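J.: Given the structure of chain A, go ahead and fit chain B with the ligands onto it with the hints provided.
Protein chains in written order, with my numbering: chain A, 120 to 247; chain B, 273 to 530.
Please keep in mind that the hints were generated in silico from the structure rather than gathered at the bench.
It is possible that part of the hints are untrue.
To be verified - Here are the in silico distance ranges between beta carbons for each label pair:
hint : chain 1 : residue 1 : chain 2 : residue 2 : range
1    : A       : H185      : B       : I338      : 36 to 42 Å
2    : B       : D449      : A       : K236      : 29 to 35 Å
3    : A       : Q207      : B       : P513      : 41 to 47 Å
4    : B       : R378      : A       : I155      : 26 to 32 Å
5    : A       : P170      : B       : D347      : 41 to 47 Å
6    : B       : K434      : A       : R198      : 43 to 49 Å
None of these values were measured; they are calculated from a predicted model.
Think of the CB as a built atom: it goes at the ideal place given N, C-alpha and C, for glycine as much as any other residue.
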Amino acid sequence: MGTVVSKQGVLGKKHIRMLEKIRESLEKLNEKMEIIIELQKHGGREIQPLPETPLDVMTLLSMPDHLRKTAMTVCRLGRATAEEVAQQTHRARAVESAYLNQLVIMGYLKKERKGRKAYFYVEKENQG
Amino acid sequence: MGKVIAVHSYKGGTGKTILSINLAAALVKHGKKVCLMDLDFRAPSLSTLLKVEKADYWLNDYLNGICGIDKVLIDLTERIRDGGKLFVGLANPTTEAIRDISAKDRKWEMRALGRLLSLRNTLLNDKGFDYLVFDTSPGLQYSSINAIVSADLVIVASTLDKSDVEGTKRMLKELYDLFEKKTRIVTNKVLYGENIKSVKDVRSQMEELYGVPILGVIPCFCDVSRAKGTLIFVEDKPDHPFTKIMDEIATELEKMKV
Ligand SMILES: Nc1ncnc2c1ncn2[C@@H]1O[C@H](COP(=O)(O)OP(=O)(O)O)[C@@H](O)[C@H]1O
Ligand SMILES: [Mg+2]
Numbered sequence: 120m121g122t123v124v125s126k127q128g129v130l131g132k133k134h135i136r137m138l139e140k141i142r143e144s145l146e147k148l149n150e151k152m153e154i155i156i157e158l159q160k161h162g163g164r165e166i167q168p169l170p171e172t173p174l175d176v177m178t179l180l181s182m183p184d185h186l187r188k189t190a191m192t193v194c195r196l197g198r199a200t201a202e203e204v205a206q207q208t209h210r211a212r213a214v215e216s217a218y219l220n221q222l223v224i225m226g227y228l229k230k231e232r233k234g235r236k237a238y239f240y241v242e243k244e245n246q247g
Numbered sequence: 273m274g275k276v277i278a279v280h281s282y283k284g285g286t287g288k289t290i291l292s293i294n295l296a297a298a299l300v301k302h303g304k305k306v307c308l309m310d311l312d313f314r315a316p317s318l319s320t321l322l323k324v325e326k327a328d329y330w331l332n333d334y335l336n337g338i339c340g341i342d343k344v345l346i347d348l349t350e351r352i353r354d355g356g357k358l359f360v361g362l363a364n365p366t367t368e369a370i371r372d373i374s375a376k377d378r379k380w381e382m383r384a385l386g387r388l389l390s391l392r393n394t395l396l397n398d399k400g401f402d403y404l405v406f407d408t409s410p411g412l413q414y415s416s417i418n419a420i421v422s423a424d425l426v427i428v429a430s431t432l433d434k435s436d437v438e439g440t441k442r443m444l445k446e447l448y449d450l451f452e453k454k455t456r457i458v459t460n461k462v463l464y465g466e467n468i469k470s471v472k473d474v475r476s477q478m479e480e481l482y483g484v485p486i487l488g489v490i491p492c493f494c495d496v497s498r499a500k501g502t503l504i505f506v507e508d509k510p511d512h513p514f515t516k517i518m519d520e521i522a523t524e525l526e527k528m529k530v
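Okay, chain A solo, but in the shape it has when bound (with noise of 0.2 Å):
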């Protein structure tokens, strides 16, 4: 009986371990889709993230409002992921990807890659 129940553990992980693997395959094409999605919207023709923008607070007050809700988000965190983004909005963590990555492509955000985790942040590369 022991064995078929570890047999089973060990299936059952498996089985995890390759739903996640979906999971985070599914994530990353969500991701390139909103961003073919984003660059048909703006002709299709820029290829290229528009060139590194800074976000200042003029910048935050012409944006649209549910964009500045997302930047303002990121500029008090510092750096977060979509998921933190949307704990502090509460909106939905695939609208905030959404959001974060359109403000990537506006060359507000940088974004990051750790492991399975994308990180957005304001570029602060030159701070003293």
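T.: Okay, now just chain B with the ligands, sitting in the frame of chain A:
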């Protein structure tokens, strides 16, 4: 955790500086650890009014990334008898410094916002401050909007002057609301007369007009004007009606959850 209060206004001369100083002093009197900061880099006042002419480092230096915030803060606890602690951060009042900060670009302003936000964390979380009070420049100045974005609460000082009232109304909709800031109005320099007979009148009229709560109504006091800013009324004139109003505002702030 502590709170950050930005004192702002549409026009100049509405009483931001005098309110900032006395509000900080009133909170100290209530036993709080308070840091008062001069973020009016266009027209710095606190160094003169608090008679601290020499500072090793200014807030300008902190925002420029030249030093940490602990180098800037000056302990003025002795200025207030009995209470908590008072620290100040000063803006450099020299013409050269004002010119320098007026010429900064968007990228610098963005980093200044980052440094203000991190100052907030350092002082509230690590140094145990209960309140940071930001005195700001009037209107849509970069440094003021940075201060507003970094604050938990914006106190808007407004007189009953028509242009001031209209400007304040616009800022409520087009500035504070956009950043989802909790906002309170202090109506200052009130002269009673025909249409305005009491504090209650002002409160109801202004609340109706602005659609946000009125935190305080302060009459125009000749004593305040005569003192030329050299007195901290809350400390130096404990029985003055101005002091009483500031004490009530401080009490109200302590009750507020931000
Ligand atoms: N309630 C008041 N009664 C009389 N004078 C006042 C009152 N509030 C402010 N003042 C005076 O108005 C002037 C401007 O005040 P200040 O605090 O420097 O305004 P701001 O910082 O908004 O430019 C100062 O001379 C100050 O003493
Ligand atoms: Mg002032």
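J.: Determine whether the Cβ-Cβ distance between D449 (chain B) and K236 (chain A) falls within the hinted range of 29 to 35 Å.
T.: Roughly 33 Å apart at Cβ, these two residues keep to the hinted range, so it holds.
J.: Does the Cβ-Cβ separation between K434 (chain B) and R198 (chain A) fall within 43 to 49 Å?
T.: With Cβ atoms ~46 Å apart, the hint holds.
J.: Between H185 (chain A) and I338 (chain B), does the beta-carbon spacing fit 36 to 42 Å?
T.: 37 Å, holds
J.: Would you say the C-beta atoms of P170 (chain A) and D347 (chain B) sit inside 41 to 47 Å of each other?
T.: Given range 41 to 47 Å: holds, Cβ gap about 45 Å.
J.: Taking 41 to 47 Å as the hint, is the beta-carbon distance of Q207 (chain A) and P513 (chain B) inside that range?
T.: Taking Cβ atoms as reference, Q207 (chain A) and P513 (chain B) lie about 43 Å apart, which means the hint holds.
J.: Range first: 26 to 32 Å. Now tell me if the beta carbons of R378 (chain B) and I155 (chain A) are that far apart.
T.: At roughly 30 Å between Cβ atoms, I155 (chain A) and R378 (chain B) fall inside 26 to 32 Å, so the hint holds.
Hint check: no violations occur; every hint is consistent with the structure.
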